[in-house]
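Student: The chain contents come next:
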Amino acid sequence: MPSNKPRTIIEKVWDNHIVAQREGAPAVLFIDLHLVHEVTSPQAFSGLRERGVKVRRPDLTFATVDHSTPTTPRNLPIVDQVAAAQVAQLEKNAQEFGIPYFGFQDRNQGIVHVIGPEQGLTQPGMTVVCGDSHTATHGAFGALAFGIGTSEVEMVLATQCLLQRPSKTFEVNVEGTLKPGVSAKDIILALCAKIGIGGGTGCVFEFTGSAIRSLSMEERMTVCNMSIEAGARAGLIAPDEKTYEYIKGRKFAPQGEAWDKAVAFWKTLLTDEGATYDYSVRIDADTLEPMITFGTNPGMGMAISGNVPDPAAQQDPLERESLRKALQYMNLEAGQPIAGQKIDVVFIGSCTNSRMTDLRAAASVMQGRKVNPGVRMMVVPGSQEIKRQAEAEGLDRVFREAGAEWREAGCSMCIAMNGDQLSPGQYSVSTSNRNFEGRQGKGGRTFLASPLTAAASAVTGVVTDVRSL
Amino acid sequence: MQIHSTVAVLPNDNIDTDQIIPARFLKTISKEGLGDQLFFDWRYNADGSPKADFVLNTPAAKASKVLLAGDNFGCGSSREHAPWALTQYGLQAVLSTSFADIFKQNSLKNRLLPIVMPKEAHTALFAALGENPALAVTIDLPAQTLTWPGGPVVAFPIDAFAKDCLLQGVDEIGYVLKQEAAIAAFEGQRSLSLNTLI
Ligand code: SF4
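These protein sequence lines are chains A and B, in that order.
Straight run, no breaks: the first sequence in this note's numbering ends on number 526.
Straight run, no breaks: the second sequence in this note's numbering ends on number 196.
Do not take every clue at face value.
Okay, the calculated bits of chain B under chain A, using three or more residues with CB under 8 Å as the criterion [unchecked claim]: (1) 16 to 30; (2) 58 to 66; (3) 100 to 111; (4) 137 to 147.
The following residues of chain A were derived to be distant from chain B, with all beta-carbon distances above 12 Å [said to hold, decoys possible]: (5) H124; (6) G188; (7) G206; (8) R290; (9) G352; (10) A391; (11) A473.
Just so you know, these hints were derived from the structure itself, not from any lab.
Here the structure is a predicted model, which is why all the values come from computation and not from measurement.
From the three backbone atoms N, C-alpha and C, an ideal C-beta is built for every residue, glycine too.
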């Protein structure tokens, strides 16, 4: 526990939450905020019933539906009966166990990682968990935020604690200034490409450096969101004035005197001078290009001006084979330029890139332009609140007039559970976070990129560097 | 806990949980019925018929309790449906050089052993199975060793607490529930501090 040794913010938040630590056993770690959604929770609630146990802290637990819900107008019923039953089950569970619930018709419904920060639930120094691997999003506020499995969801519901071993610390230092056309998404795609999809296994990232400091809170969420895509347990960014400004006045934020105390406490969380990390990597923001993936995992990415790599150049036989299979699935030739590749769909959305900054960026490209006739463009705001705000700014009109679909909030084609999906063989440029085989629909082929790149590609119908428009 | 079994081989790196169990099967509210959906998009043709050449459709694989895969198995989504599907298919252990963190945790909670092998031994086992696909391996959990005829004795790491839980059948949720006093004390001290919602 606290000693004179300089500590990183990761270690400080960890130390602050140790309930018990038996020799040889993992720590019992207290959880400040537990977010619950319909897909990974039903079996956990069944487990509670079987044990005859209540939810220990319903006041620290919040539920919403996002993964399997349609993004068609909300006055229409959920047609998929299996999805409808899953949504109804969460509603029932929330009611039975007394958990606050942002339901399908709620004006605050949205993607779980979008609404946590939006409601002011996510705060610096917290431990946050959710049965979802992109929980790291909340790390943008200086929270230690883990994705967990359903057994762990059940444990946290029952005990408000998690059994955990400490992770290794990993500094991702991003210095410099991003060029126009390069965004937060490109930073994290560059990290995935640099250290690989398993590069951060067993670690928690702290993102540091001038390029990170100059990002807005929404952009920081984009960066932390994809920590898991580089294998990390979590990723976080130390809080600063931008963080406090974002949280202040939100529904669940501390008020009045409690606010001043909270900010004073949050300021103590920063990594101490002289603290060391187990690993570190540096990314040069000045030379970063817009990034895009070409393969079937988020680590298979490159600058948009690049050519698809050649499996024959790989040393390791398994890696060579993986790359060959990836190119076969994507139906791409080794050596071909990625720019100019024809596409069918553009998806702007997901917990990675569905906030106001993202929608504004995409709209700035679409303004006065049309979606290419060969392309379907879907724009899916991350929450109903974002949808209203975007409509107030007229962004929906920009998208509609360009020929894009403007939909209701949810995960949508990020995970393709709700009917929004690619057809076999189709190519999409997506602002989401995973390009695994079939992730966006069986047989679908995904290029992950920023909202700027996605919008530019929607206009031309081929993978396009926004700076060339 | 000893496992003695032939080995099904899936020589891909970075097998993600979207492959292990595609998202469209996650709309279920139960844990059952996932074994047939394991690796669905790799395993079945468009008309639903099994692909004869996919390893998990072979009679030999169906009799195996052990899967040998490439590096970084189980990356991606946190879905516990992945170990549910693997165990319902009949698997008790997966061998790789590394596992994604959440998958590893989820597996241990479902009595599926994620066995981390050194690169050399991993390569050697691929080679041995290439020569003799009927080769059987033995996994000894108490001794933390993996062996096969003609091969080295491969020591594998496993979290000591998880190992105890597996060997003694400890229910982890029950274990934490028993620490009620410590949790209540922590909450009492914390409600005076700044960092909780209420
Ligand atoms: S948007 Fe995608 S990654 Fe984010 S929570 Fe939903 S399914 Fe998961």
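Student: Of the numbered hints stated earlier in the document, which are not met by this structure?
Tutor: 2, 4, 5, 6, 7, 8, 9 and 11
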